[in-house]
Amino acid sequence: MTNDTAVFDALCFDPKEGEKIATGRIGTREAIMRDGLLVDPGSLAYCPHQWIDASGYLDLNLTRRFPYSLAL
7 MTNDTAVFDA
17 LCFDPKEGEK
27 IATGRIGTRE
37 AIMRDGLLVD
47 PGSLAYCPHQ
57 WIDASGYLDL
67 NLTRRFPYSL
77 AL
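Numbering-wise, the working numbering comes out as the position in the sequence shown, counting from 1, plus 6.
Keep in mind that the hints were calculated from the coordinates and are not lab data. There may be inaccurate statements among the hints.
Pairwise CB distance ranges, derived in the manner of DEER restraints [said to hold, decoys possible]: (1) F72 to K22: 32 to 40 Å; (2) R40 to L66: 28 to 36 Å; (3) D46 to N9: 27 to 35 Å; (4) P21 to P47: 17 to 25 Å; (5) R71 to K22: 35 to 43 Å; (6) T29 to R70: 13 to 21 Å; (7) D20 to R40: 15 to 23 Å; (8) K26 to A51: 30 to 38 Å; (9) G24 to H55: 32 to 40 Å; (10) I27 to N67: 20 to 28 Å.
Glycine is no exception: its CB is placed at the ideal position from the N, C-alpha and C atoms.
The task is simple: from the sequences and hints, build the whole structure.
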């Protein structure tokens with residue numbers, strides 16, 4: 007498998023804090039924006055496209071099996 011898909015951390019805006027906070031999700035730019043979240047441009051990484059689930063986010067089971075396979 008090659009690291010051929012760009013993925014980013016998803017952020018949301020917390021009005022109480024007045025800042026962006028991490029959601030704990032990593033996905034494609036398209037999936038993050040579709041869900042009304044914000045893309046953290048500084049978190050760019052690459053992963054195999056096989057790791058992306060139908061919703062556009064990383065499959066957590068695969069990332070746990072291969073924790074160091076993301077290319078930063």
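Going down the list of hints, with the structure as the test:
Judged by the Cβ atoms, the range 32 to 40 Å given for F72 and K22 holds: they are separated by roughly 36 Å. Hint check: R40 to L66, Cβ distance near 19 Å, so the stated range 28 to 36 Å is violated. The given range of 27 to 35 Å is broken by D46 and N9, whose C-beta atoms sit roughly 18 Å from each other. Taking 17 to 25 Å as the suggested C-beta distance range, the pair P21 and P47 conforms, at roughly 22 Å.
At about 36 Å, the CB distance of R71 to K22 agrees with the hint of 35 to 43 Å. Checked against the given bound of 13 to 21 Å, the beta carbons of T29 and R70, roughly 18 Å apart, stay inside it. Between D20 and R40 the beta carbon distance is about 20 Å. The supplied range of 15 to 23 Å therefore holds. Taking the beta carbon of each, K26 and A51 are about 18 Å apart, not inside 30 to 38 Å as hinted.
Look at G24 against H55: about 36 Å separates their beta carbons, and that is inside 32 to 40 Å. The hinted window of 20 to 28 Å between I27 and N67 holds, with their beta carbons roughly 25 Å apart.
Of the numbered hints stated above, those contradicted by the structure are hints 2, 3 and 8, listed in ascending order.
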